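*Asks:* Sequence:
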Amino acid sequence: MELESTYEIARTANFIRSRNFTRVALQFPDELLTDSTRVVSALREKLCSLEESYIGSDRNGRDIGLYVMADTTYGSCCVDEVGASHINAECVVHYGHTCLSPTSTLPALFVFGKAPISASNCAENLSTYASTSGKPVVILFGLEYAHAVQDIKEALVVESSRLSGSTSELELHYADVMCSVMNPSENFKNSTWNMESVGSLTGSEDCGEANCTKYSIGGLTWSISEGHKIEDCLLFWIGSDNSAFANVVLTFNGCEIVRYDATENRLVTDLSQQRKILKRRYYLVEKAKDANIIGILVGTLGVAGYLHMIHQMKELITGAGKKAYTLVMGRPNPAKLANFPECDVFVYVSCAQTALLDSKEFLAPVITPFEAILAYNRGSQWTGAYVMGFWDLLSGSTVEVREQSKEARFSFLQGGYVEDLDIQENVEEHEDGGLALANVLEKALQVREKYPYSLIKGTAKSGADFLAARSYQGLDIHSNNSLPEPFLIGRTGKASGYEDERSK
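Residue 0 is where the sequence shown starts when you use numbering that gives the first Met the number 0, and the numbers rise one by one after that.
Everything labelled a hint here was simulated from the structure, so no lab data went into it.
The model shown is predicted, which means the values in this text are computed figures rather than measured ones.
Ideal Cβ placement from N, Cα and C applies to all residues, glycine included.
Incorrect hints may have been included.
[Stated by the list, open to error] For each label pair, taking beta carbons as the anchor points, the in silico distance ranges come out as:
#: 1; residue 1: D391; residue 2: T325; range: 43 to 53 angstroms
#: 2; residue 1: S17; residue 2: N332; range: 21 to 31 angstroms
#: 3; residue 1: S48; residue 2: D70; range: 53 to 63 angstroms
#: 4; residue 1: E360; residue 2: T127; range: 35 to 45 angstroms
#: 5; residue 1: T212; residue 2: Y128; range: 38 to 48 angstroms
#: 6; residue 1: D391; residue 2: R279; range: 32 to 42 angstroms
#: 7; residue 1: A334; residue 2: T127; range: 41 to 51 angstroms
#: 8; residue 1: P115; residue 2: K278; range: 53 to 63 angstroms
#: 9; residue 1: K359; residue 2: D260; range: 34 to 44 angstroms
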């Protein structure tokens, strides 16, 4: 019974039967793969028992194909539509942690799981810390704890009566799960996704006001009444320190955030390590500004809108006078990216929860599309706001190619003024040699007169230029001489004494 409850066998069977799906892909992460055989058996048995309930169906439970998918091409939090297409699946049932990124071709049912949690201990820590803070509290959680939110609310009522009503004075905002069933959208620019809400899972309520501000992140959505800012609220996260929590910390970096560890039943208030991530990301933005050759890494083939985002990144990079190459290699790792030494930086187009790669392990920095906008849109400045998912960039007006300034910019890393490559290319292509040299010298003299720094020029403009500048370009092939070289007989014997050495 615990297996059927955790993996929601009954709801999954009803979903498959009600939509008459005949080929269903069951996507498991690595940590849940050991339960896949038992889940398939329980689901098959439930589908057969529902045969009499769906009289209009001409198929029985044995005719429905259930296929287990593991080892996803990219992050396991996204629906693996590429793997599902290999078996011509009509839908995907996704188990475990998910980012709830919109799908592009297949409908998906999400089973979040039910991680154990002590609702009373969580409510006690929440009420104690929130009472001392005095701020409105927004309660966020990992999706695996969505089943326990109603129990936590009831435990808070008990806690408030124990503390003589002090908890009842708190302003609490509970996040709600955005959806558990997702249908592919015909137009990814449409802000209203075709989703089926599961608000009953958490029991959350809307603010009840027409002018309330709505927020959403990582599959959660909540509202704050008019007159309140998210920076004035306390974000109380229930869950582990994973990619979803890092997404919250970076996105709402101006808020006070605490985390309740449901595994150890304790409250974590020290988030200094998470705050350091933001400083490093800003450093990577400055490093990306000095890059001349940029590789666009395709980190998803299923999230709706990824092709449009790649196109926007190409326009942005070429508009900044730099060279862009699109690379599709599955899940990136240091060994794969080391095969492209000509790329000074990589832009990783993926879902929000897999966008941050540990760049310390890579030879070149790996940045997000939002960081690329800050780096390559001249005049863009970081205001403190941080966007993880590229969908938020597509839905807004953030991605726009501005007219690039002809002035040299200052590089904090190189310690001088840098002339972008688009200026150099325009000078070389549209002017004769003498006039081009005069203009470059005039520009350099102007910069030196205004700033006591030298003008730094870009290096390689493309992969071909990078290859031409390399000291080793591979094995030389002599096309004129088609005859093979004569072979030579090597040495024989042991390393301690070859045959030719014994005679000496």
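*Asks:* Starting from the range 38 to 48 angstroms, see whether the pair T212 and Y128 falls in it by beta-carbon distance.
*Replies:* Cβ of T212 to Cβ of Y128: about 24 angstroms, so the range 38 to 48 angstroms is violated.
*Asks:* For the pair E360 and T127, does the Cβ-Cβ distance stay inside 35 to 45 angstroms?
*Replies:* At roughly 40 angstroms between Cβ atoms, T127 and E360 fall inside 35 to 45 angstroms, so the hint holds.
*Asks:* Check the following: the C-beta atoms of K359 and D260 are separated by a distance inside 34 to 44 angstroms.
*Replies:* Given range 34 to 44 angstroms: violated, Cβ gap about 26 angstroms.
*Asks:* A334 and T127, beta-carbon distance inside 41 to 51 angstroms?
*Replies:* For T127 against A334, whose Cβ atoms are near 48 angstroms apart, the range 41 to 51 angstroms holds.
*Asks:* Is 43 to 53 angstroms a correct range for the gap between the Cβ atoms of D391 and T325?
*Replies:* Distance hint for D391, T325 is violated at roughly 22 angstroms.
*Asks:* Taking 53 to 63 angstroms as the stated bounds, is the beta-carbon spacing between S48 and D70 within them?
*Replies:* violated, 32 angstroms
*Asks:* Could one say that the CB atoms of S17 and N332 fall in the range 21 to 31 angstroms?
*Replies:* Since S17 and N332 have Cβ atoms about 41 angstroms apart, the given range 21 to 31 angstroms is violated.
*Asks:* Can you let me know if the beta-carbon spacing of D391 and R279 is within 32 to 42 angstroms?
*Replies:* Hint violated: Cβ distance 21 angstroms, outside 32 to 42 angstroms.
*Asks:* Could you tell me whether the CB distance from P115 to K278 stays inside 53 to 63 angstroms?
*Replies:* Violated, at about 35 angstroms.
Of the numbered hints stated above, those contradicted by the structure are hints 1, 2, 3, 5, 6, 8, 9, listed in ascending order.
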